[in-house]
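As given, the protein sequences belong to chains A and B, one line each in that order.
The numbers in the numbering used here rise by one with no breaks, and the one at position 26 of the first sequence is 26.
The numbers in the numbering used here rise by one with no breaks, and the one at position 444 of the second sequence is 444.
Everything labelled a hint here was simulated from the structure, so no lab data went into it.
Being a predicted model, the structure only gives us computed values, none of them experimental.
Where hints are given, some of them may not hold.
All copies of an identical chain are treated as equivalent in the list; a pair is satisfied when it fits inside any one copy or across any two copies.
EDC-like, lysine to aspartate or glutamate: derived pairs with alpha carbons at most 20 Å apart [what the hints assert, rightly or not]:
| hint | residue 1 | residue 2 |
| --- | --- | --- |
| 1 | Lys253 | Glu387 |
| 2 | Lys253 | Glu23 |
| 3 | Lys124 | Glu459 |
| 4 | Lys205 | Glu153 |
| 5 | Lys124 | Glu25 |
| 6 | Lys205 | Glu195 |
| 7 | Lys74 | Glu387 |
| 8 | Lys52 | Glu195 |
| 9 | Lys253 | Asp385 |
| 10 | Lys205 | Glu241 |
| 11 | Lys19 | Asp183 |
| 12 | Lys390 | Asp106 |
| 13 | Lys52 | Glu459 |
| 14 | Lys205 | Asp183 |
Protein chains: 2
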Amino acid sequence: MTASTAKRKLFLGTFVHSKALSELEYLHDSAIAVDETGKIVAVDKDCGDLAKARETLLPRLGWNEADVEFVQSKDGEFFFPGFIDTHIHASQYPNAGIFGSSTLLDWLNTYTFPLESSLADPVKARRVYARVIRKTLAHGTTCAAYYATINVETTNLLADLCLTAGQRALVGRVCMDSALSPDFYKDASPEAGEEATRKCIAYIKQVDPNMDLVRPIITPRFAPACSAELMKRLGKLAEEENLPIQTHISENKNEIALVKELFPPAVLARATGDESLAKQHESTYAGVYDAFGLLTSRTILAHGVHLTPSELKLIADRGATISHCPCSNSSLASGAAPIRRLLLDHGIPVGLGTDVSGGYSASILEAAREAVLVSRHVCFNAPRDGERDKLSVEEVLWLATRGGARVVGLEGKVGAFEEGMEWDAQLVSLGRVVGEEGDGGMEDEVEGERGNVDVFGWESWPDRIAKRHICATQPNPT
Amino acid sequence: MTASTAKRKLFLGTFVHSKALSELEYLHDSAIAVDETGKIVAVDKDCGDLAKARETLLPRLGWNEADVEFVQSKDGEFFFPGFIDTHIHASQYPNAGIFGSSTLLDWLNTYTFPLESSLADPVKARRVYARVIRKTLAHGTTCAAYYATINVETTNLLADLCLTAGQRALVGRVCMDSALSPDFYKDASPEAGEEATRKCIAYIKQVDPNMDLVRPIITPRFAPACSAELMKRLGKLAEEENLPIQTHISENKNEIALVKELFPPAVLARATGDESLAKQHESTYAGVYDAFGLLTSRTILAHGVHLTPSELKLIADRGATISHCPCSNSSLASGAAPIRRLLLDHGIPVGLGTDVSGGYSASILEAAREAVLVSRHVCFNAPRDGERDKLSVEEVLWLATRGGARVVGLEGKVGAFEEGMEWDAQLVSLGRVVGEEGDGGMEDEVEGERGNVDVFGWESWPDRIAKRHICATQPNPT
């Protein structure tokens, strides 16, 4: 259910959304009115059914019942804001779930570059991109920040397919021109990389002129894959076009060492013509992006596992954001990002990313659960006061919705149920309650086998959310 | 599909099982013959279909086709040994997936003891136990080492239900009599604890005289919940009856400190009457169990996260085994167990446990995946040579089958497909391949939406196993 609705709609039933970082709000017997443009015009906590709506809400809105479509959540169902995947490589989807024993830099050469390169074939690209959109939507992702490949034609195809499927998306044509990139898969020059990016921007502006659903995003792959000149051009382009930026940062210790080696102060100074800036940044990973104008309040930095205090300060000062990708960070043995400290001590906006295919799953709920688990590893490895590193279920659901909305630049537009926001939601079923209190035996269970856990009926709403929403991460049938 | 088969059977198709710790064997176009007692009498790698079987295998076995039932795996299906859950609290199943922010000792008081206590009610117990058996079977668990509760009647009910469902099980009546146990849920005395355990043993011997499917297991909850006298009695009882033992060890640092405090050398010396032994064990957690005769080659120790070198040596010397429960260890922020080092450096047998409800899922595949991920946390926290801490997909599947078989005392009987073993298997479907190579678009996907990942058709068998078997952990429909 994304924004575009031809008709006024009234949703009735149970709504759950994040009120604050650590607080979910449960709106039972409530109503949300959505106008013909897809905007929420009323959230009514005292209007649980059609009769009440006729009596109070419709007259208040001045709506005729005949013009309104009604959608009622059933018993055991609730509306939840659509999830936001702040970091996903659409082009790597076929490799999701293939656990390598390698770490980041090997992984790219063995698994990633050959697959991405092969998606210059529009037939194969259509097959892969259609599937990843379908799967992420099935998992409740109504908005995704996608990396495509360096290929212009099939990057544009990804934008087309998102539009067709009604999935909100930031679509990035990947830029990479450095020696780290293989000969068979790289931009011929910084100019060529910029030019190709401009073509994708122009295309997306043409197919979605108001960028209601699909927006281009400037995508330097990551510093080691880009020349200084390419990053400089992309920084300027982002500013000129007022566009968001996505890239990777501080995922893995070897990668960090590589950035230091590739961009010593002298290189930064030469590239930027600003010696004092180059010196000041001391070739930190964040400093390199900042030197090229890539560290902005519209920048999504994936990972941020090993950021130094000075980098954290710089990122916070620029208002740049972090996409936390716990499934990937664990799979590739990158490390455990101290997310609660980023949020609370540094005030850095954070969302969740699946990072397919470094991450093994296209599900943001899977990322949410792993975020809970990884935060416990941060906790027991913290030198002191580890308890405050633990993310709660409420907090990871905030990251998956409101946190993500800030990261992709849609704060106040999606991620929650508030007047003035877009109606961007998923209908979640908790599944059948297993029998009823006092009932029993094996014979009463004929369905509801989906998922890892069962709801017995006596659980509180927060417990039900934890059990069925966080632990049972299979997709809804589409 | 568990042991009892009324008729001779011939299974045809693809079989996958662990050949060694790091090696899966893929038997395509093969046949496995199972006699009327459920035993594998032939594994034929050159017999892929019925015609070939008629020609070669049946004559060799001297079997008449009319007496044989044939089962052929379909395209995209394969037979895999049933999973073994070496540590699961059947009585805590309703709490699975409720993430607390607490750690072990709080968790017990808040979530666990009240629920376990309530299962003295046979109606409620039947409802919970029937469900956990059904769910674990749906997840491919054909054998489980269960903790029930202190209640005799409903522990016996759990054994009955396992028998009815055909699930192999070790069923443990929980023993706990110390001050740590709440007044509403404890054994009145060491004698009472022993007596109740004897009743459960007698009952199980009566309902399954040869212990083909269900066996009793001596279950002192964990050292802090038991008096020295109770543990001493249980150690003797296990020896006298030649029974397996299960308990917890070294899960959490506070718990370890508590054991040290509760069982100083003087207490051990008094309880065992053996001062030198007490001194020698220095009140380590493993030493406490050993002092009471509870550390044997039939002992399953759940967790073992923080074991010291001397404890590891003691455990290895006694031939005791570890149940690795990664979902639980992460959820409860207990720590990350260095499993590969236990296996390879210390030669300690290890299996996987879901540890419901410290663990959030009754799926051994979920535990397998988390074992992979947690091993990477061990890796990047290891002071040096961390690479060898990484568990591969092949290794966690070994833990889930052959490793588990050793832990529950069924080595050579279940866990693989070898002549002389029981036929104890699950039929796994890899699901529909997404279109075909060169095919494309959104329109060709009408089903196969289950799971987190898709198989595109070009993947190798090891990659398919990783994608669909490890990453898509929803249960098979029953």
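Status of the hints after comparison with the structure:
Taking the closest pair of Cα atoms, Lys253 and Glu387 come within 20 Å of each other only across two copies (14 Å); inside a single copy the shortest separation is 25 Å, beyond that limit. Proximity of Lys253 and Glu23 under a CA criterion of 20 Å is satisfied in neither setting, with 35 Å inside one chain copy and 30 Å between copies. In the homo-oligomer, the alpha carbons of Lys124 and Glu459 lie at most 20 Å apart only across protomers (15 Å), although the nearest pairing inside one protomer, at 46 Å, exceeds that limit. In the homo-oligomer, the alpha carbons of Lys205 and Glu153 lie at most 20 Å apart inside one protomer (15 Å), although the nearest pairing across protomers, at 71 Å, exceeds that limit.
In the homo-oligomer, the alpha carbons of Lys124 and Glu25 never lie at most 20 Å apart, since the shortest distance is 43 Å inside one protomer and 31 Å across protomers. For a Cα distance limit of 20 Å, the shortest separation of Lys205 from Glu195 inside one copy, 15 Å, qualifies, whereas the shortest one across copies, 78 Å, does not. For the homomeric pair Lys74 and Glu387, neither the shortest alpha-carbon distance inside one copy (38 Å) nor that between copies (50 Å) is at most 20 Å. Taking CA atoms no more than 20 Å apart as the test, Lys52 paired with Glu195 passes in neither setting, with 57 Å inside one copy and 62 Å between copies.
In this assembly of identical chains, Lys253 and Asp385 lie within 20 Å of each other by CA distance solely across copies; the values are 15 Å between and 25 Å within a copy. Taking the closest pair of Cα atoms, Lys205 and Glu241 come within 20 Å of each other only inside a single copy of the chain (11 Å); across copies the shortest separation is 78 Å, beyond that limit. In the homo-oligomer, the alpha carbons of Lys19 and Asp183 never lie at most 20 Å apart, since the shortest distance is 49 Å inside one protomer and 40 Å across protomers. When the C-alpha separation of Lys390 and Asp106 is checked against a cutoff of 20 Å, the pair qualifies only between copies, where the shortest distance is 16 Å, while the shortest distance within a copy is 31 Å.
For the homomeric pair Lys52 and Glu459, neither the shortest alpha-carbon distance inside one copy (28 Å) nor that between copies (55 Å) is at most 20 Å. For a Cα distance limit of 20 Å, the shortest separation of Lys205 from Asp183 qualifies neither inside one copy, at 31 Å, nor across copies, at 70 Å.
Consistency note: the structure conflicts with the earlier hints numbered 2, 5, 7, 8, 11, 13, 14.
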